[in-house]
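**Student:** Sequence:
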Amino acid sequence: MALSNDELACVYAALILADDNVDIKGDKISAILKAANYEIEPYWPGLFAGALEGTKVTDLIKNIGSAPAAGAAAPAAAAAGAAKEAPKKEAKKEEKKEEKESDDEMGFGLFD
1197 MALSNDELAC VYAALILADD NVDIKGDKIS AILKAANYEI EPYWPGLFAG
1247 ALEGTKVTDL IKNIGSAPAA GAAAPAAAAA GAAKEAPKKE AKKEEKKEEK
1297 ESDDEMGFGL FD
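Read in order, the letters of the sequence shown are residues 1197 to 1308 in our numbering.
It is worth saying that the hints were derived from the structure and are not from the lab.
The reader is advised that the hints may include incorrect statements.
So the derived label-pair ranges between C-beta atoms look like this [to be verified]: (1) 1239 / 1219: 16 to 24 Å; (2) 1259 / 1238: 25 to 33 Å; (3) 1246 / 1217: 15 to 23 Å; (4) 1200 / 1251: 32 to 40 Å; (5) 1230 / 1261: 16 to 24 Å; (6) 1259 / 1216: 17 to 25 Å; (7) 1250 / 1227: 31 to 39 Å; (8) 1230 / 1259: 28 to 36 Å.
Below, a list of computed lysine to aspartate or glutamate pairs in the DMTMM-like style, where the Cα atoms sit at most 25 Å apart [what the hints assert, rightly or not]: (9) 1224 / 1203; (10) 1224 / 1255; (11) 1230 / 1219.
Please read all numbers here as calculations on a predicted model, not as lab measurements.
Where a beta carbon is used, it is the ideal one built from N, C-alpha and C, also for glycine.
Kindly generate the complete structure, drawing on both the sequences and the hints.
**Tutor:** The structure is reproduced here in structure tokens:
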């Protein structure tokens, strides 16, 4: 998912505000972008401010490292489930071998 330059500008402005412990508001994002001489559609700052309303951006950044740890539990659980299914697969293979042998015992095969 590629971000447009306008979206990136709003993200960087929001990060600047969060770094300075300032509430992220649409007018403040606009002020930062205006100071940087960056022209943007007027709806972007309000959109980002609304999306980040009530969210502590610094906490989001600090907790990025903890997300993969939770994600690592899922593959471990899947591996445990696969280990339980392994005996079932072996039993099915044995049944198939028995069926094949019974055809051979009859003295003819499919292509004889």
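**Student:** If a hint holds in the structure, say so; if it doesn't, say that too.
**Tutor:** So, going through the hints one by one against the coordinates:
For residue 1239 paired with residue 1219, a C-beta distance near 19 Å keeps the hint of 16 to 24 Å intact. At roughly 32 Å, the beta-carbon separation of residue 1259 and residue 1238 lies within the given 25 to 33 Å, and the hint holds. Taken as a hint, the range 15 to 23 Å holds for the pair residue 1246 and residue 1217, whose Cβ atoms sit roughly 20 Å apart. Range check, residue 1200 to residue 1251: Cβ separation about 22 Å, and the 32 to 40 Å hint is violated.
Taking 16 to 24 Å as the suggested C-beta distance range, the pair residue 1230 and residue 1261 does not conform, at roughly 34 Å. Separation of residue 1259 from residue 1216 is about 20 Å and conforms to the stated range, judged on CB atoms against 17 to 25 Å. A hinted range of 31 to 39 Å for the beta carbons of residue 1250 and residue 1227 is inconsistent with their spacing of about 21 Å. Checked against the hint of 28 to 36 Å, the C-beta distance between residue 1230 and residue 1259 comes to roughly 31 Å, which is consistent with it.
Straight-line distance between C-alpha atoms of residue 1224 and residue 1203 comes to about 15 Å, which keeps the hinted pair within the 25 Å bound. Pair hint residue 1224 plus residue 1255 holds up; C-alpha atoms about 20 Å apart against a cutoff of 25 Å. Our distance criterion of 25 Å between C-alpha atoms is met by residue 1230 and residue 1219, whose separation comes to about 18 Å.
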